[in-house]
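K.L.:
Below are the chains, spelled out letter by letter.
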Amino acid sequence: MEIKLDQIIKFFGSLKALDNASIYIRSGEIVGLLGENGAGKTTLMNILYGLYRPDKGAIFVDGVKKHYMDPLHSMKIGIYFIQQFPRLIDSMTGTENLRLLLREDKRNIPDLVKEYSAKYDLQVNFNKRVAEMTILERQKLYTLMSVILGARVLLLDEPNMLLTTDKSFREFLRRYAREGNSILISSHKISAVIDLVDRIYVMRKGRVVADIRENIRERYDEILKLMFEYGVGRDKEYPETLHSEYATPGSRENIFEKRILELKDLVIREDIKKINASVNNREIVSIISIAGKGDKELFDVLVGFKKGIRGKILYKSVDISSEPPYRRVAHGIFFVPDNKLDLISPRYKIREIMGLWGIRNSEISKCLSETSVMYRSPEANVSELSGGNISRMILAIVACNRPNLVIAHNIFSGLDLLGYEIATRLIKRLRMHGVSFLLILNDYEEALRISDRIYVLNERGAVEINLNEAYKDPSVIWREMVS
Amino acid sequence: MNSIYVRRKSDEPSTVKIIIISLVIFTIIVFLGVFSLMLLSGYELKDLINIFFDYRNLLSPITIRYSIVIALLSLAFLINVAGGFINLGGEGLIALSMLAFLIASVYNLGIFTAFVLSILLLILWASIPYISKVYLESSDVLISFLQNFIALFIINHIVTHVFRGELARPRSPPIDPSINLHYISQDNILYNYLGRVSIESIIVLLVAVVFLTYLLSRTKIGYSLRLLSYSTKTASISGVNIPRTIFLNLLMSAILISFASAELLLGGERKIFYNENAKIGIGSMSFGLGYVSLSIAILSIRKPYISLLYSYILALGYMMVFSSYGFYRLILGVAIVGLSLLSVLLSELLLRYEVRLNWRLKH
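Residue numbers (numbering that gives the first Met the number 0), protein chains in the order written: chain A, 0 to 482; chain B, 0 to 362.
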């Protein structure tokens with residue numbers, strides 16, 4: 000299927016989200032759509048899928064001109080959109096969600112899933128409830144669902160973590176494209192897509208500023224410059240200075256005074272042994288795990304959504320394991336879930352969300368500028384913000400709210416390079432003001448670049464990693480993760 | 000038609016747009032619907048024109064009184080809806096509140112205790128579906144709908160067996176004169192326009208409109224309250240004290256419902272009665288009062304002051320029903336509820352949703 004978006008213009012109020020954006024995708028191609036948070040990537044995908052209607056411009060599907068698309072029609076002709084936070088029915092399992100979308104219910108769904116999983120070597124647990132899945136699992140689930148439903152064009156919105164942590168997913172995309180299907184991947188992370196795509200479009204401030212077709216792998220710096228108007232940190236993908244002050248052994252004792260959080264013999268799943276871990280005052284501790292291997296359960300138990308099977312959660316030596324979430328928040332713990340929309344309601348105005356966290360109207364713009372959130376007005380709905388800007392907004396709230404402890408699940412997900420740089424600097428700065436961090440991450444490189452201590456979550460519980468060894472050979476962490 | 004696509008718009012419509020579109024839809028569906036039904040039911044066109052274009056209804060004391068009752072109930076349900084709680088048991092709540100006034104009357108407890116009793120009873124009653132929804136993920140709509148029948152059954156039993164005032168018909172004894180509100184004196188010029196409306200109800204209504212508009216859109220408590228309608232998970236992770244928020248929600252709505260039922264009971268016949276057609280002691284006005292108020296609440300959810308306008312229009316609709324007679328009054332009463340709900344749904348769809356119908360002709 001050949002798709003062309005021609006001179007698309009889209010306004011949100013007075014904000015010009017897309018400014019004459021044009022792209023095309025041919026059969027069998029993997030096309031990258033790169034840009035910083037708020038560049039217009041998701042808006043363009045929403046228009047192609049039919050969730051938004053363009054103010055001007057046209058869409059051509061196999062040469063047939065359309066002024067706008069319609070999601071039902073898109074699905075019918077084989078265009079499927081895997082959103083950054085896939086909208087599935089949480090209370091149902093993957094199988095039940097698939098059954099809802101499958102027009103012909105003649106075939107046995109487990110057989111279909113088995114057949115396609117084997118064909119593309121893509122393992123997804125369809126029997127799990129969506130509510131219990133991490134974002135990565137949901138993205139993978141919806142991708143496989145789309146393939147089973149007959150997708151010919153896959154639109155993948157920011158699947159960065161999947162692309163960087165799951166080799167089988169990358170292989171699947173290559174194979175799927177070789178079969179004549181088209182794939183459009185939006186991303187802010189060049190390294191996630193550069194060796195996967197056939198072509199790259201670079202977007203900035205709603206415009207397509209470049210169409211890169213040749214020698215893509217050698218043009219990393221050029222793409223980076225095109226994406227970011229003001230440039231980013233010295234180390235391209237990740238700024239190098241993040242842990243330098245604190246990562247040196249011996250310097251920690253002066254900074255970390257007392258224990259803030261302690262997980263004592265905590266059992267979150269029967270197949271994972273007791274977790275013993277701690278976070279001290281002003282410390283950044285990461286717990287790394289493979290997506291779906293206990294990370295979500297651990298976060299849910301720490302928030303209070305679920306009860307641990309056994310064990311205790313001690314916050315400043317007080318057992319909070321039976322307290323409801325709001326009491327934990329009242330203690331000064333700020334929780335950032337994997338699915339950012341579980342924290343920030345898209346139905347609210349930006350002003351209202353900030354107000355919910357006690358940030359006054361007069362402080363909103365100053366607060367949001369802490370993390371360079373791009374927004375039209377405090378009166379704009381959160382639904383107008385891109386996924387990356389929602390992540391930045393959460394960090395801005397943390398900065399202005401100054402909690403005692405932040406417990407976050409994949410806090411960097413959705414952030415572009417600039418956003419990542421801002422986030423890491425902010426975390427460092429906040430720690431100087433007495434904020435401690437427990438980061439549950441799937442990406443060990445992210446953990447290594449910011450943490451004072453690292454635990455790996457595997458079947459043996461939480462295993463602490465020797466950071467000196469890990470700096471020399473980061474694969475130590477990976478080996479522990481898969482052990 | 001090949002497909003239909005519905006998407007909620009991100010922008011909230013302007014007040015002017017809401018008023019114009021809703022008024023047009025209300026007029027077309029409710030007025031014309033009732034008009035057609037009456038015509039089909041055997042009314043003469045000439046009589047109908049007299050009923051429908053009776054300008055005296057526009058500012059009659061009865062219209063104003065009904066508007067105030069509907070507005071108080073609408074605001075009560077608006078608070079519930081804002082917190083994600085759809086209460087279909089409006090009439091049952093009014094019945095229970097009236098029961099509290101009756102108990103206070105029988106045991107000489109005074110007006111203040113009557114209100115406290117009513118508020119407590121309503122909080123307890125409404126907390127069943129709300130708490131079940133939040134903590135057990137059960138259907139608040141279904142539970143409150145069933146509760147409505149139970150409440151009406153209780154009232155039936157009370158006025159038939161426990162506190163029966165008359166032998167001929169199941170009615171409660173009259174409410175003691177000590178349990179009363181303050182009314183405009185008949186010498187006052189305002190009496191010609193407002194009639195027997197309590198001063199307390201007017202004040203509570205006006206304060207509630209301003210207070211709720213501010214509370215829901217400008218305060219942390221209001222944001223917390225609304226967050227429950229998005230997701231309990233989000234509310235709890237945002238530090239919202241869910242039990243306290245539920246209590247606050249129910250408390251505010253219970254106060255307003257208590258004033259509405261006091262207005263109906265104390266300003267009217269001052270007796271609670273139960274019969275097949277009118278159900279409880281609010282005469283013919285009981286036809287789907289809860290459903291109508293709930294539909295107004297849904298339509299004016301982001302702008303509570305708009306509920307005043309809708310309440311007035313619906314009160315005019317009720318006046319039409321009262322102008323009919325006999326068996327038709329019942330049919331029209333039911334029809335007006337259905338039509339007003341339909342008009343609310345349509346207005347909501349036109350104002351807040353983008354609807355696309357894709358037609359493809361078969362060649």
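No lab work stands behind these hints, which were simulated from the structure alone. Please note that the accuracy of each hint is not assured.
Heads up, incomplete: computed chain A residues facing chain B, CB under 10 Å, no partners named [what the hints assert, rightly or not]:
1. 70
2. 125
3. 129
4. 304
5. 326
6. 342
7. 377
8. 403
9. 473
Think of the CB as a built atom: it goes at the ideal place given N, C-alpha and C, for glycine as much as any other residue.
K.L.:
So, for every hint listed, does it hold in this structure?
P.N.:
Hints and how they fare:
Taken as an interface hint, residue 70 of chain A checks out: its beta carbon lies about 6 Å from the nearest beta carbon of chain B, inside 10 Å. Residue-level restraint check for residue 125 of chain A is violated (minimum Cβ-Cβ distance to chain B is 22 Å; threshold 10 Å). Because the closest C-beta pair between residue 129 of chain A and chain B is about 13 Å apart, greater than 10 Å, the hint is violated. Restraint check, residue 304 of chain A versus chain B: the minimum CB separation of about 7 Å is within 10 Å; hint holds.
Annotation: residue 326 of chain A was flagged as interfacial toward chain B, and the flag holds, the nearest CB pair being 8 Å apart, inside 10 Å. About 6 Å separates the beta-carbon of residue 342 of chain A from the nearest beta-carbon of chain B, less than 10 Å, and the hint is met. The closest approach between the C-beta of residue 377 of chain A and any C-beta of chain B is roughly 12 Å, which is over the 10 Å cut-off, so the hint fails. With a cut of 10 Å, the hint placing residue 403 of chain A at the interface with chain B is violated, because the nearest CB-to-CB distance is about 13 Å.
Of the supplied interface hints, the one on residue 473 of chain A is violated, with its beta-carbon coming no nearer than about 32 Å to a beta-carbon of chain B, more than 10 Å.
Of the numbered hints stated above, those contradicted by the structure are hints 2, 3, 7, 8, 9, listed in ascending order.
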